[in-house]
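First to last, the protein sequences are chains A and B.
The first sequence begins at 61 in this note's numbering and counts up by one.
The second sequence begins at 3 in this note's numbering and counts up by one.
Any given hint could turn out to be false.
Straight-line Cα separation of at most 35 Å, DSBU-like style, residue types lysine-lysine; simulated pairs [as the list claims (entries may be wrong)]:
#	chain 1	residue 1	chain 2	residue 2
1	B	LYS281	B	LYS492
2	A	LYS282	B	LYS492
3	A	LYS282	B	LYS246
4	A	LYS282	B	LYS327
It is worth saying that the hints were derived from the structure and are not from the lab.
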Amino acid sequence: MRLELVKRPQRSALFSALSPFIAFALTLIAGAILFALLGIDPVSAFYTYFISPISEVWQLHELAIKAAPLILIAVGLSVCYRANIWNIGAEGQFTLGAIVGSMVPVLYPELEGPIVLPLMLLMGMIGGGLYAAIPAYLKARFNTNEILTSLMLVYVSQLFLDWLVRGPWRDPQGHGFPQTVQFNDSAILPELMPASGRANWGFVFALVAAVVVWIMMSRMLKGFEVRVLGSSPRAGRFAGFGLNRMIFFAFILSGALAGLAGISVVSGEINQLKPVISPGYGFAAIIVAFLGRLNPLGIVAAGLVLALTYLGGEAAQTALGVSDKVARVFQGMLLFFVLGCDTLIHYRIRLVGLRAKAPAPDPATAGKLGEAH
Amino acid sequence: MSEELATGNLLEVRGLTKIFGSLTACDHIDLTIARGEIHALLGENGAGKSTLVKMLFGSLEPHSGEILWQGQPVRIQNPGVAKKLGIGMVFQHFSLFEALTAAENIALSLDDGSPINQIAAKARALSYSYGLPLDPDSLVGDLSVGERQRIEIIRCLLQLPQLIILDEPTSVLTPQEADKLFETLERLRAEGKSILYISHRLEEVKRICDRATVLRHGKVVGHCNPREETASSLARMMVGSEVKAVVRAPVEGIEKAAPLLEIRSLTRKPATPFSIPLKNIGLTVRAGEVIGIAGVAGNGQGEFFEAVSGEVQQQDAASVRIRGKDAGRLDITGRRLLGAAFVPEERLGHGAAPRMKLSENLLLSRHATDGKAFVGTGGMVKANAVYSAAQRIIEVMDVRKSAPDPEAAALSGGNLQKFIVGRELDRRPAVMVVNQPTWGVDAGAAAHIRQALIELARSGSAVLVISQDLDELFEISDAIAVMHNGELSKPLPIAEATFEKIGLLMGGAEPCHAEHAAEVV
Numbered sequence: 061m062r063l064e065l066v067k068r069p070q071r072s073a074l075f076s077a078l079s080p081f082i083a084f085a086l087t088l089i090a091g092a093i094l095f096a097l098l099g100i101d102p103v104s105a106f107y108t109y110f111i112s113p114i115s116e117v118w119q120l121h122e123l124a125i126k127a128a129p130l131i132l133i134a135v136g137l138s139v140c141y142r143a144n145i146w147n148i149g150a151e152g153q154f155t156l157g158a159i160v161g162s163m164v165p166v167l168y169p170e171l172e173g174p175i176v177l178p179l180m181l182l183m184g185m186i187g188g189g190l191y192a193a194i195p196a197y198l199k200a201r202f203n204t205n206e207i208l209t210s211l212m213l214v215y216v217s218q219l220f221l222d223w224l225v226r227g228p229w230r231d232p233q234g235h236g237f238p239q240t241v242q243f244n245d246s247a248i249l250p251e252l253m254p255a256s257g258r259a260n261w262g263f264v265f266a267l268v269a270a271v272v273v274w275i276m277m278s279r280m281l282k283g284f285e286v287r288v289l290g291s292s293p294r295a296g297r298f299a300g301f302g303l304n305r306m307i308f309f310a311f312i313l314s315g316a317l318a319g320l321a322g323i324s325v326v327s328g329e330i331n332q333l334k335p336v337i338s339p340g341y342g343f344a345a346i347i348v349a350f351l352g353r354l355n356p357l358g359i360v361a362a363g364l365v366l367a368l369t370y371l372g373g374e375a376a377q378t379a380l381g382v383s384d385k386v387a388r389v390f391q392g393m394l395l396f397f398v399l400g401c402d403t404l405i406h407y408r409i410r411l412v413g414l415r416a417k418a419p420a421p422d423p424a425t426a427g428k429l430g431e432a433h
Numbered sequence: 003m004s005e006e007l008a009t010g011n012l013l014e015v016r017g018l019t020k021i022f023g024s025l026t027a028c029d030h031i032d033l034t035i036a037r038g039e040i041h042a043l044l045g046e047n048g049a050g051k052s053t054l055v056k057m058l059f060g061s062l063e064p065h066s067g068e069i070l071w072q073g074q075p076v077r078i079q080n081p082g083v084a085k086k087l088g089i090g091m092v093f094q095h096f097s098l099f100e101a102l103t104a105a106e107n108i109a110l111s112l113d114d115g116s117p118i119n120q121i122a123a124k125a126r127a128l129s130y131s132y133g134l135p136l137d138p139d140s141l142v143g144d145l146s147v148g149e150r151q152r153i154e155i156i157r158c159l160l161q162l163p164q165l166i167i168l169d170e171p172t173s174v175l176t177p178q179e180a181d182k183l184f185e186t187l188e189r190l191r192a193e194g195k196s197i198l199y200i201s202h203r204l205e206e207v208k209r210i211c212d213r214a215t216v217l218r219h220g221k222v223v224g225h226c227n228p229r230e231e232t233a234s235s236l237a238r239m240m241v242g243s244e245v246k247a248v249v250r251a252p253v254e255g256i257e258k259a260a261p262l263l264e265i266r267s268l269t270r271k272p273a274t275p276f277s278i279p280l281k282n283i284g285l286t287v288r289a290g291e292v293i294g295i296a297g298v299a300g301n302g303q304g305e306f307f308e309a310v311s312g313e314v315q316q317q318d319a320a321s322v323r324i325r326g327k328d329a330g331r332l333d334i335t336g337r338r339l340l341g342a343a344f345v346p347e348e349r350l351g352h353g354a355a356p357r358m359k360l361s362e363n364l365l366l367s368r369h370a371t372d373g374k375a376f377v378g379t380g381g382m383v384k385a386n387a388v389y390s391a392a393q394r395i396i397e398v399m400d401v402r403k404s405a406p407d408p409e410a411a412a413l414s415g416g417n418l419q420k421f422i423v424g425r426e427l428d429r430r431p432a433v434m435v436v437n438q439p440t441w442g443v444d445a446g447a448a449a450h451i452r453q454a455l456i457e458l459a460r461s462g463s464a465v466l467v468i469s470q471d472l473d474e475l476f477e478i479s480d481a482i483a484v485m486h487n488g489e490l491s492k493p494l495p496i497a498e499a500t501f502e503k504i505g506l507l508m509g510g511a512e513p514c515h516a517e518h519a520a521e522v523v
């Protein structure tokens, strides 16, 4: 017996819209089972995980801090995925954006003034964009699989950062810790409302990026080009849209946004480079992109949900004593259920095998069968 | 098996119904097929022929009604059941692996584990005994379309079917190859096998079929003996009304008109191991004329269209000239800007993006030529202008649809084709290149499209039509050239062209040795 996926003639508009919520509900159910097996009361665990981290205003600021890079990266990735281009390496583009953007405060710490920050942000975008251009070039020129190349470049970038902060960029006054100098005040992303919490301009960048990309995808010729090439490449070629141009466009755009996220996190939150600057934003953003149904506005909501799983993970670690890896498990389950729901909207499952293999009861048929053999 | 059963009807279908959403594709179909008859299933595209046949072959399950096989009610859940009953099918679109040999392809479908050389020997014997010579060891990729069809037929016959369903078998054959096929079908009939023959070519149905069932809009509109009908009475049954004949006034002095599309020594290497190289193609289309390109499918027409449209560019800029300007190195957008328009063969996925609205599909081919009208500052699409232009085309071309601006995939083939052709006509292009303008389109829509192409030419444009439908080419062309194996013959003026001559060229005869080649065929 085997399972077969049969394409549905029509997909239900209702379930398409509900799918993220169903996926979230299924994640909660699976999570409840998980907590129960760990011997923790699921109700209090969920309270710790999802409610307590957002019960005060300063905590909402923390939520915005975590959501900003997720939204920025996911908005860029949504353009790639709509174009049927699979950039999995946003984590690497994030890292390179952080490194290139940090060149200014690390190498020229004496440089101050209003020019520093815009320069850093711009260089961060260039760094992420150029790093994303590598898998784009390899795909356009040699038809390599961008899933593999972009993913592998993540590890290259992380090891490069590790080498920088332990070697040439290490702070000489840092007591041997693997980290750069602290950025000067001109190089730090300002907070939005210092009176109520730490949230910085990164969240504004994320919202602006989401709105701009939403306008591009729904109202502009460029977005039309992305959608045509992604859904029917041959019709795209007939339209005169170049696939190779699109590969570079989508990679560089998503790389630049990931790079902006990288430098924003370093400049607004960490204020120096360290061996690890991201709790996996680049990968979690893939979940955000799909949970937001590849729609930039949906991604804003999805980014807030995923950010909550990070905060919940931290809260659960302190309050319940479970590993912070629980956050990763939640994110993984969420992606699993989102993709599962999407698949079941387009396909239905059929069991094949039992009946088809049964011997034919009709003797005439059986006779013919014998002849044929 | 008892005597009584052997003399009765082989297959009887009662009240078979299939519903897709709001569409009743088959509505209480009744059909009987006797032993040893060739039974025609006639109907326009969309009449429900394919749906009916898919239910008989187990690809679709009916909503209601029953199928009696040799007098016994049966349920055909999948093609495996159909094969075991003794129903074989030869599809219009072959399912063969090009990189495997004929015998290997046959072995794959038999799925009974017998050794390959045994299958090859059986296939060879069978093919010669039915007058369909086939070398089982040849690679499918090297075979012509006619030979590939033989593999499909042999593969079907090896399963010892009682009923053979043939779906538009002659649509890929030259007239001469079709004659050979008819001989085979008559032999099968003489052996007592039954054949369900699906076609919309009325002449051949009259020639070989004993009975006919005519479908229209999913319903049986009549059973008849096609030999007692005329082609036009059959057509009336199929369409339900008179089809407006296409009018083509002859043109005078065309040789003096300006050449708008010139193709000079166009050569293209094969892009994949199984695509056809183009060899030194030359052709001129002048203002005011329609040139037809005939040929069996897979002789380089697709490659030729790609090269002329600019989807694939050439090294030599002068190999394609549009309105006197070199266009060989321009992409499709550049060629459109010179005044050319293109309609590819595949509607869904090539000429139109299936999941996009008609207005978006209008933008697909006209975002550059109508940049001022459709795209505003900063690359913003003027959705209102695009929408009203789409509505104008829908009205002019009489596109029938269920919503104001539906997705392309929601339209029937004929209506989508009217929209795609209308999208290009709306520009009044100086050069129009169309591949299979009416493939899978109902008779009314086909006549509409053909008339529109002739009128475009008569208003001073150059029209190039690639088609496998000879009737269509004879209806609309001022001259017909034939593409065979990547080479293009000289265009024959319509006054000199006959089915016989064009058929020989389609089979690969050299134009000057036509008489000699006739003996070989």
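How the hints compare with the structure:
1. Annotation: proposed proximity of B/LYS281 to B/LYS492 holds, straight-line Cα distance about 13 Å (limit 35 Å).
2. With a C-alpha separation of about 43 Å, the suggested pair A/LYS282 and B/LYS492 falls outside the 35 Å cut-off, and the hint is violated.
3. Annotation: proposed proximity of A/LYS282 to B/LYS246 is violated, straight-line Cα distance about 43 Å (limit 35 Å).
4. With a CA separation close to 29 Å, the supplied pair A/LYS282 and B/LYS327 stays within the 35 Å bound.
Taken one by one, the earlier hints fail for this structure at numbers 2 and 3, listed in ascending order.
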